[in-house]
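K.L.:
Here are the chains, one letter per residue:
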Amino acid sequence: KNEVEQSPQNLTAQEGEFITINCSYSVGISALHWLQQHPGGGIVSLFMLSSGKKKHGRLIATINIQEKHSSLHITASHPRDSAVYICAVSKKPGGGADGLTFGKGTHLIIQP
Amino acid sequence: DSGVTQTPKHLITATGQRVTLRCSPRSGDLSVYWYQQSLDQGLQFLIQYYNGEERAKGNILERFSAQQFPDLHSELNLSSLELGDSALYFCASSARGSGNSPLHFGNGTRLTVT
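Going down the list, the protein sequences come from chains A and B.
Take -16 as the starting number for the first sequence in this note's numbering and just add one per residue.
Take 245 as the starting number for the second sequence in this note's numbering and just add one per residue.
Hints may be right or wrong, so weigh each one.
Claimed, not checked - Dumping the calculated DSS-like pairs for lysine-lysine here, alpha-carbon to alpha-carbon at most 25 angstroms:
#  : chain 1 : residue 1 : chain 2 : residue 2
1  : A       : K51       : A       : K36
2  : A       : K87       : A       : K74
3  : A       : K74       : A       : K37
4  : B       : K301      : A       : K74
5  : A       : K(-16)    : A       : K38
6  : A       : K87       : B       : K253
7  : A       : K36       : A       : K74
8  : B       : K301      : A       : K(-16)
9  : A       : K(-16)    : A       : K37
10 : B       : K301      : A       : K87
11 : A       : K51       : A       : K37
12 : A       : K74       : A       : K51
13 : A       : K75       : A       : K36
14 : A       : K51       : A       : K75
15 : A       : K75       : B       : K301
Said to hold, decoys possible - Here are the simulated distance ranges between beta carbons:
#  : chain 1 : residue 1 : chain 2 : residue 2 : range
16 : B       : S309      : A       : Q49       : 39 to 45 angstroms
17 : A       : I92       : B       : N344      : 27 to 33 angstroms
18 : A       : H56       : B       : L327      : 36 to 42 angstroms
19 : A       : P(-9)     : B       : R307      : 33 to 39 angstroms
No lab work stands behind these hints: they were computed from the structure.
Just so you know, even glycine gets a beta-carbon here, dropped at the ideal spot from N, CA and C.
Using the sequences and the hints, build the whole thing.
P.N.:
This is the structure in structure tokens:
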């Protein structure tokens, strides 16, 4: 079983819809990262969370440490939000390699 | 722009060959991470350097090696290349090199082994 699970794997929605992508993890973490990867391939770091909630523009990320769960929300979605969204965790010291452990990503398509 | 520079952007080479990928971290960042993204394995952590020293190892093959130089740029060396090594290789940098330090990713090097 993967240490980081994302759902859904694929999501197609209409422009303007509220989008939610979920991430569950099974290890102790020091932080959780949400990343965005566009078709060109580059990766952009959206959020790094260790507790609570963060907001940047139309993007909101939340984390529940007790439940080992995080969500990424996109409000008023737009076709330019179409990308792969990847959840990744930094394990706690002693819990494994310091590099990130990644989910398989959620492929989001926003149709006009 | 993340401030992380990776060269080259694309690399096409033959099986058995050796290549070197280069990464210049964001100004002020001491830690460099290397990641591999392949279609079947997804994103995987390879290795981390902090201020010139190896800090952590992930799923890095013995045919692969890396180093970080005094000016903090890093190189990933891939040798005896196989078809399965074809992938996107990303470099990321962070200031502190700890698990809760924000990461900045380069645009990647796309390696094709024929």
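K.L.:
Taking each numbered hint in turn, which are not upheld by the structure, reported in ascending numerical order?
P.N.:
Violated: hints 5 and 9.
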